[in-house]
Every structure is written in structure tokens, then in C-alpha cells.
Amino acid sequence: MSSILVYVLVLFLNAVNLFAQVFFAVMYSDLESDYINPVDLCNRLNQFLTPEAALQAFVAVLLLLTGDWFSFLLNVPIIAYNVRKYLHKTHLLDATEIFRTVNTYKNETYAKLGWHLLLFFYYLYCLTIAIVIDESSS
29 MSSILVYVLV
39 LFLNAVNLFA
49 QVFFAVMYSD
59 LESDYINPVD
69 LCNRLNQFLT
79 PEAALQAFVA
89 VLLLLTGDWF
99 SFLLNVPIIA
109 YNVRKYLHKT
119 HLLDATEIFR
129 TVNTYKNETY
139 AKLGWHLLLF
149 FYYLYCLTIA
159 IVIDESSS
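The sequence shown begins at 29 in this note's numbering and counts up by one.
Treat the hints as calculated values from the structure; they're not laboratory data. Computed from a predicted model, the values in this text were never measured in an experiment. Everything hinted at is true.
Derived EDC-like pairs: lysine to aspartate or glutamate, alpha-carbon spacing no greater than 20 Å straight-line:
1. Lys134 to Asp68
2. Lys134 to Asp62
3. Lys134 to Glu60
4. Lys117 to Glu80
5. Lys117 to Glu136
6. Lys134 to Glu80
7. Lys134 to Asp122
8. Lys113 to Glu125
9. Lys134 to Asp58
10. Lys113 to Glu136
11. Lys113 to Glu80
Whenever a hint applies, use it, and build me the whole structure from the sequences.
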């Protein structure tokens, strides 16, 4: 697979994860502002938590299979964090505990949002370099 296509796909999938983190941050803010009740929040967000982690793992595996080791290593901390949450069974939100833990989840979301934003610009840079290299070799 061409490195240009890989980076286009990785850039798109990272943008999906980026928008998911924005959605999570908005939902946590809505909970704090009492625009949504805890049960609705947990029901809405729990359906996206597993696909978000799976999408991140897919991006990392795709980068690993294409031989882009540095980009793969940039994804390892998020994957390790997600695996740790799954192993400790803390990956889903609990409506009875959400008010006590909302700040932790919000900080986690902001950290992931920042990391995905940095990755987005890194992947955009890599895509630009891949296009320049492809044009110069033609």
C-alpha cells in the first residue's frame, strides 16, 4: 500500500478519534452544567468508548504493518492506557459514580484530545513529506 494512502487513512481515522474526544468533552461539560442526566451520559458515551479504543489500535497496527515504527511508537502510550483500562475493567462509565469521577474522565479526555491533535498535525506532516517524495521520484 502506498505511504500516501496509508497517511490519508491514518489522518482520517485520527480525525475521527479527535472529534470523538471533543464529543466526550462536550458531554462531560453538559453533565456538569446539568443539561444531561448521568444515566443518559453513560449510555451515550459507553457505546463509543470501545470503538474509540479499537480505532486507535487499528491505526497503530496499520502503521506497524507498513513499517512506520516511529508513528507506531507514538501510538503505544494511548494503546497501553486503553489496554490497562480494559484489564482493570474501568473502561465503561458508571452512572452511580460519574459525579465523583467526572473530573478524572474530563482530564483524561483533554489529555487524549491534545495528544490526538498533535498526532493529527504529525500525520499531516508525514502525508506532505510522502507526497513530496512521491513527486520527486516520478
